[in-house]
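Engineer: Spelled out from the first residue to the last, the chains are:
Number of protein chains: 2
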Amino acid sequence: MPKPQRHVLVCTNMRPPGNPKGSCGEKGSEALYARFKDMVRERGLRDTVIVSRTSCLKHCSRGITVAVYPDNAWYGSVRAEDLDEICVSHLEGGRPVERLAMPDIPWE
Amino acid sequence: MPKPQRHVLVCTNMRPPGNPKGSCGEKGSEALYARFKDMVRERGLRDTVIVSRTSCLKHCSRGITVAVYPDNAWYGSVRAEDLDEICVSHLEGGRPVERLAMPDIPWE
Numbered sequence: 006m007p008k009p010q011r012h013v014l015v016c017t018n019m020r021p022p023g024n025p026k027g028s029c030g031e032k033g034s035e036a037l038y039a040r041f042k043d044m045v046r047e048r049g050l051r052d053t054v055i056v057s058r059t060s061c062l063k064h065c066s067r068g069i070t071v072a073v074y075p076d077n078a079w080y081g082s083v084r085a086e087d088l089d090e091i092c093v094s095h096l097e098g099g100r101p102v103e104r105l106a107m108p109d110i111p112w113e
Numbered sequence: 006m007p008k009p010q011r012h013v014l015v016c017t018n019m020r021p022p023g024n025p026k027g028s029c030g031e032k033g034s035e036a037l038y039a040r041f042k043d044m045v046r047e048r049g050l051r052d053t054v055i056v057s058r059t060s061c062l063k064h065c066s067r068g069i070t071v072a073v074y075p076d077n078a079w080y081g082s083v084r085a086e087d088l089d090e091i092c093v094s095h096l097e098g099g100r101p102v103e104r105l106a107m108p109d110i111p112w113e
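The listed protein sequences derive, respectively, from chains Z and V.
Add 5 to the 1-based position in the first sequence for my numbering, that's all there is to it.
Add 5 to the 1-based position in the second sequence for my numbering, that's all there is to it.
Be a bit skeptical, because a hint or two may be false.
[What the hints assert, rightly or not] Cross-link-like lysine-lysine pairs, in silico, DSSO-like; alpha carbons within 27 angstroms at most:
#  : chain 1 : residue 1 : chain 2 : residue 2
1  : Z       : K42       : V       : K63
2  : V       : K26       : Z       : K32
3  : V       : K26       : Z       : K26
4  : Z       : K8        : V       : K63
5  : Z       : K42       : Z       : K8
6  : Z       : K8        : V       : K26
7  : Z       : K32       : Z       : K42
8  : V       : K42       : Z       : K26
9  : Z       : K42       : Z       : K63
10 : V       : K32       : Z       : K8
Just so you know, the hints here were simulated from the structure itself, not pulled from any lab data.
Kindly produce the complete structure, drawing on both the sequences and the hints.
Structural biologist: In structure tokens, the structure reads:
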């Protein structure tokens, strides 16, 4: 199984405090990433889903930014309490979570 | 443009020296990632392609591992001298580079 059914990217880029862009890292994305990985394992998805931490995903001010491939579905302002819905609706059910969709804004 | 036309993932996971799995990091993936980003900018692809460094992509012994989404195309044993072909053939031409395709092996 060299190709995941779905691949979740969590931006963990950290900018210095006070940077005007802000960053996903300072919003707690390392913990969100760790929780997402645990949840995927707990729900028995580890053989089909990969969760990766990444460098900047270019939506700093709308972070925490999460992308799901191959759907090319992007989520903004993701918080720990959203992860269950993303798992159930999107990763298991194939239905992206519309309320979390990243708005159509330029890359930062 | 919130969704990239293509998104390149470069595994930069580093394991301690002597780890039996090896790692992409110890094979020079940080430099490969930096070169890939530079090349995407030099070729005028920066408005449509994102290059991200990631945590472990689960093909440690076949690294450096690179994945390209939304194609879900996976490459193994990628070296600096392969990047030009990946850019021209895949990112610009839409044709994955078959000679670099990751074999159909289990995740590590």
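Engineer: Which numbered conditions among the earlier hints are violated in the structure presented, ordered from lowest to highest?
Structural biologist: 2 and 3
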